[in-house]
Amino acid sequence: MDFKILKHTGRFLIIIGIQILILNQIHFSGFITPYLYPLFILLLPFNTKGYNLLLTAFFTGLVIDMFSDSLGMHASATLFMAFLRPAIINLITVKTEFEQDVEPRFEIMGAGWVFIYTLILIFIHHLSLFTLEIFRFAGYGETLLRALLSTAFSVGLILLAHILMGTQKKSKA
Amino acid sequence: MRNLINFITRHYFFFLFALLQVVAITLIVQNNTYHRSFFINSSNFIAGNIYRMQSGITQYFSLKSFNEQLVEENTRLRSQIPGSYLTTDQNIFTFRDTLHQKQFRYINARVINNSVRNRNNHMTINKGRLHGIRPDMGVIGSNGVIGIVKDVSGNFSSVISLLHSDMQISAKIQKNNHLGTILWEGFDHRKVTMLYIPPHVELEKGDTIITSGFSQIFPEGITIGVIDEFEVRRGDNFYTIDVQLFADFNKLEYVQVVQNIFRDEIDGLEALNGARN
Numbered sequence: 013m014d015f016k017i018l019k020h021t022g023r024f025l026i027i028i029g030i031q032i033l034i035l036n037q038i039h040f041s042g043f044i045t046p047y048l049y050p051l052f053i054l055l056l057p058f059n060t061k062g063y064n065l066l067l068t069a070f071f072t073g074l075v076i077d078m079f080s081d082s083l084g085m086h087a088s089a090t091l092f093m094a095f096l097r098p099a100i101i102n103l104i105t106v107k108t109e110f111e112q113d114v115e116p117r118f119e120i121m122g123a124g125w126v127f128i129y130t131l132i133l134i135f136i137h138h139l140s141l142f143t144l145e146i147f148r149f150a151g152y153g154e155t156l157l158r159a160l161l162s163t164a165f166s167v168g169l170i171l172l173a174h175i176l177m178g179t180q181k182k183s184k185a
Numbered sequence: 127m128r129n130l131i132n133f134i135t136r137h138y139f140f141f142l143f144a145l146l147q148v149v150a151i152t153l154i155v156q157n158n159t160y161h162r163s164f165f166i167n168s169s170n171f172i173a174g175n176i177y178r179m180q181s182g183i184t185q186y187f188s189l190k191s192f193n194e195q196l197v198e199e200n201t202r203l204r205s206q207i208p209g210s211y212l213t214t215d216q217n218i219f220t221f222r223d224t225l226h227q228k229q230f231r232y233i234n235a236r237v238i239n240n241s242v243r244n245r246n247n248h249m250t251i252n253k254g255r256l257h258g259i260r261p262d263m264g265v266i267g268s269n270g271v272i273g274i275v276k277d278v279s280g281n282f283s284s285v286i287s288l289l290h291s292d293m294q295i296s297a298k299i300q301k302n303n304h305l306g307t308i309l310w311e312g313f314d315h316r317k318v319t320m321l322y323i324p325p326h327v328e329l330e331k332g333d334t335i336i337t338s339g340f341s342q343i344f345p346e347g348i349t350i351g352v353i354d355e356f357e358v359r360r361g362d363n364f365y366t367i368d369v370q371l372f373a374d375f376n377k378l379e380y381v382q383v384v385q386n387i388f389r390d391e392i393d394g395l396e397a398l399n400g401a402r403n
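Residue numbers (our numbering), protein chains in the order written: chain F, 13 to 185; chain X, 127 to 403.
These are computed hints drawn from the structure, not numbers from a lab.
Quick look at which bits of chain X chain F covers, simulated, 3 or more residues with Cβ under 8 Å:
hint	region
1	143-150
2	240-251
Here are a few chain X residues that face chain F, going by a calculated C-beta distance under 10 Å:
hint	residue
3	Y138
4	F139
5	F140
6	L153
7	Q156
8	N157
9	I172
10	A173
11	Y177
12	Q180
13	T184
14	K276
15	S284
16	S291
17	G312
The C-beta atom is built at its ideal place from N, Cα and C for all residues, glycine as well.
Based on the sequences and whatever the hints tell you, model everything.
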């Protein structure tokens, strides 16, 4: 049990560190931002308790907010994504084909499933984030475009992270 | 009552979500009201220090271009000192003097965190209350307006960038002193928009836009940019002017915070006006 807490804390620090120190400084053609940090929520085991899921998401978002002066926005978007996670998992999974105490990863769920799962949730996250950010302004087409482009980058990044984690596990074994 | 509690515990997932979402939205709304000091922003201790460490490493990569920039600025400033003018008429001092007193004081600072990609951009600088910085002070770079200080902590300040939806700066066209307002419509960090110049004014591509000095935040005559394009949009009775910024917000490093020594006096006087009306 303690090992699990340690693992998740370490993963949290690494992912948040990469997000704040590297990705937040990247400017793809002015307005495309890749977000890696939702990966932390996506990777929580299937049987994570509901309150745990929501509070973790809220806290993660708040930490990102603290570093990007956008108080509440990431928290709100990440929370929304976490809220929809169980429903999305139910929607795209054929029941009883996996154990509950595992993480949604390539080795267990297959690459296709992880891709769809990441794509849907990241798009939800980005769309709500950019909507909140623009808030009082018209021009929703541009927000949508921005969400789509950023989703493409983030999903690519997250799948890359999945692949890297996979190779790490294999080399250890 | 028991039914209610049962109902809530059965659907606690939704209720917890709703509760946290309300907290988040409250935070967003509160943070949007202009000068609210809040603990959770990048001028606080942890975030400020992590950013300082990071920029301590990354600043070496841009040393060369900043040296060039400093040399350029030195040259420009040297050409502005009184000794380099032929006439030593007192008038040239009015730029920064009222009755030959110093009106504006400048505090050097380094940008340790910056963004240009969001609709509302902020930056963090490495000076704070201990160095004399207060909320509402203007921030300028070596070639133009950068932003306004929002929150200060002991050693850091967070600055609302010019690239922010709440930001409006009183500006004028240098050649004919016509007054307008500068704001940012988003997307391109090298361009801002100037509004409220009446259509009878003659404009040309390349005209310089400077601060008006009416807001007490920036001194008069700080450069902002040059006119890139202008048109009267259908239904408007003023120009919409695209202004190409001088400052490259994507690679800011050293900035100056402007302190207006007479600000309280002027604001107090103007508040009297408001009270009388």
